[in-house]
Amino acid sequence: MKIEVTHLNKVYRGGVQALNNVDLTIPSGMYGLLGPNGAGKTTLMRILAGILRPTSGSIDVGGHDGNTEKGRTAIKQMLGYLPQDLGVYPDLNAREFLDYVGILKGMDDRKIRQKRVAELLEVVSLTDVANRKLKTFSGGMKRRIGIAQALLNDPQLLIVDEPTAGLDPEERIRFRNLLSDLAGDRTVLLSTHIVEDIAQTCRNLAIMKSGQVIFQGTTVDLTSETRGKVWIITTDGLKPQGNFTVVSTLNMGSTVQYRIVGELSARAGAIETAPSLEDGYVWLMREQRTPSVSVL
Amino acid sequence: MSQIPVFFGVLRYEFWMQFRRRALWITIICFILFISWRGFGGIFRELIGNPFHFQLLPFIADWTSSINAIFPIAIGVLLADRLPRDRRTKVDELFTTMPGKLSTRLVGKYLGSTLATLIPVFAIYSIGIGCILYQNHDLSIIPMALATFAVIALPGILFVGAFSIACPSLLWVPLYQFLFVGYWFWGNLLSPRVGIPTLSKTILTPIGGYMATGFFGDPYGQPGATPLQGVESIILLLGITVLVMVTLWGLMKWQQARQ
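Chains as they are written, first to last, in the numbering used here: chain A, 1 to 296; chain B, 1001 to 1259.
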């Protein structure tokens, strides 16, 4: 299912422009939406989920017009949404909450609904605590309840906003794998500011900054743009100075290895290395800040 | 997608969430203690006394009116947080993304939580009816009691419930609860003879005096009230209830569209 967003604008009361003329085409499969905090990712997600109305522009989700009541209703029927901050009724237990969500998603048959709830509790490994009140759940457990509720109606479109925030490394990996498995023939829109989450799961991505889409393409495209611009510099501890960005620092004992992104001419001790998606992202963000490239 | 299963599902869960709420039972117990201490209206003493010398139907109507004079305060206060709670817990945002319609959810929430709040009140009412039944050994008391409750108390309780669900969408919950308690004493229990303008003793009052006297001959309800005035009062209370709920739905749709 394809999503097409055209000339989308969102201006909040008070004049804050959260989205500025966004054009985006999202194909089936996993699609990453990357950007710093405040880039407009959540606003875009909330508009696609029908929570917010755009100020102007059009939204087409699988042939349904997101600007009409009829279209929004049709989109909601094939949507699974995991918000950044999941709301739950603290006094319901996990099973009851999922059952309630199932009812709101139009799963009328009680037996089928209960079976689906049990299946998803198993998928997210919460069967053992299914009868515990949600107010006793940890952040990670709530996240898992969140993904379970999003999947209840077997949605064709799954929108997940910062799903791995607050998860421990093991849970994060589990979650990423789960999302990848789910992608299949459905569209999974994954919003995050964690590059690694996208690198591990998505083939296509868009990068947003200040309410605009500044990159749209494949992860390979983004990585390729940085080819020849990623270097390793090893020093005895002194941080290298110059017109580049340090992506990571690795303490090697007596020396320190710096991974940097920038246009360097030949420099002693600098070894060119293969770029990663994170390097591509850093390069793009750097380009946005300083479009003119200077040479060290 | 049919909204009927959604309505019953929301009603069921809203009912259980309210019914299992500790505050509901604590508040009702506090009210019982307060009433026991004050000996409210003397009817409680009469119930455990000897109600043989009373005419049965007016006496039951008076018992219903007594319950309906004070317990709707608890009902109004306890329902006030139901809608703001959805915003506070952020479930409203999640539910907006689902195909269950806002109108269905609102009506389910309103009826489910009002019914749950009514249960302890009805239980206290039933204890009184049980006392009358025990002393009179007349099973016709049961249908009489159900009829008086449905006609005298229910329209007012639905009226109070609608305002308590709707108003906190605009007002801070504690402020609404404070104003509601003030309204109850001013608009229902204050005698017009005091000289302060009041809704008390008009057909707009949810206390049910016009129905108690007009239909069941309760001498303490609204002396001189006719059955027609009782019907007018019921229609007015239920009409306003519907109007409040429709206005709430319109307001929430408008708020959603402005987001």
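Think of the hints as simulated: they come from the structure by calculation, not from any bench. Each hint should be verified, as a subset may be incorrect.
[To be verified] Some chain B residues judged to face chain A by a derived CB distance under 7 Å, without partners named: (1) Val1006; (2) Gly1009; (3) Gln1055; (4) Met1252; (5) Gln1255.
[Unchecked claim] With a straight-line cut-off of 35 Å between C-alpha atoms, the simulated DSBU-like cross-links for lysine-lysine are: (6) Lys133/A to Lys1253/B; (7) Lys133/A to Lys1090/B; (8) Lys209/A to Lys239/A; (9) Lys229/A to Lys142/A; (10) Lys229/A to Lys209/A; (11) Lys1253/B to Lys2/A; (12) Lys111/A to Lys1101/B; (13) Lys2/A to Lys133/A; (14) Lys133/A to Lys1101/B; (15) Lys1090/B to Lys1201/B; (16) Lys142/A to Lys115/A; (17) Lys135/A to Lys1090/B; (18) Lys111/A to Lys133/A; (19) Lys1090/B to Lys111/A; (20) Lys135/A to Lys1101/B; (21) Lys115/A to Lys70/A; (22) Lys1253/B to Lys135/A; (23) Lys209/A to Lys1253/B; (24) Lys111/A to Lys1253/B; (25) Lys133/A to Lys115/A; (26) Lys209/A to Lys111/A; (27) Lys1253/B to Lys142/A; (28) Lys115/A to Lys1101/B.
Bear in mind that the values here come from a model prediction, so they are computed numbers and not experimental data. Glycine included, each C-beta is placed from N, C-alpha and C at the ideal position.
Comparing the hints with the structure gives:
no.	hint	in the structure
1	Val1006	holds, 6 Å
2	Gly1009	holds, 3 Å
3	Gln1055	violated, 46 Å
4	Met1252	violated, 13 Å
5	Gln1255	violated, 11 Å
6	Lys133/A to Lys1253/B	holds, 31 Å
7	Lys133/A to Lys1090/B	holds, 17 Å
8	Lys209/A to Lys239/A	holds, 28 Å
9	Lys229/A to Lys142/A	violated, 41 Å
10	Lys229/A to Lys209/A	holds, 22 Å
11	Lys1253/B to Lys2/A	holds, 28 Å
12	Lys111/A to Lys1101/B	holds, 23 Å
13	Lys2/A to Lys133/A	violated, 38 Å
14	Lys133/A to Lys1101/B	holds, 26 Å
15	Lys1090/B to Lys1201/B	violated, 42 Å
16	Lys142/A to Lys115/A	holds, 20 Å
17	Lys135/A to Lys1090/B	holds, 14 Å
18	Lys111/A to Lys133/A	holds, 22 Å
19	Lys1090/B to Lys111/A	holds, 28 Å
20	Lys135/A to Lys1101/B	holds, 27 Å
21	Lys115/A to Lys70/A	holds, 30 Å
22	Lys1253/B to Lys135/A	holds, 30 Å
23	Lys209/A to Lys1253/B	holds, 31 Å
24	Lys111/A to Lys1253/B	holds, 33 Å
25	Lys133/A to Lys115/A	holds, 20 Å
26	Lys209/A to Lys111/A	violated, 46 Å
27	Lys1253/B to Lys142/A	holds, 29 Å
28	Lys115/A to Lys1101/B	holds, 24 Å
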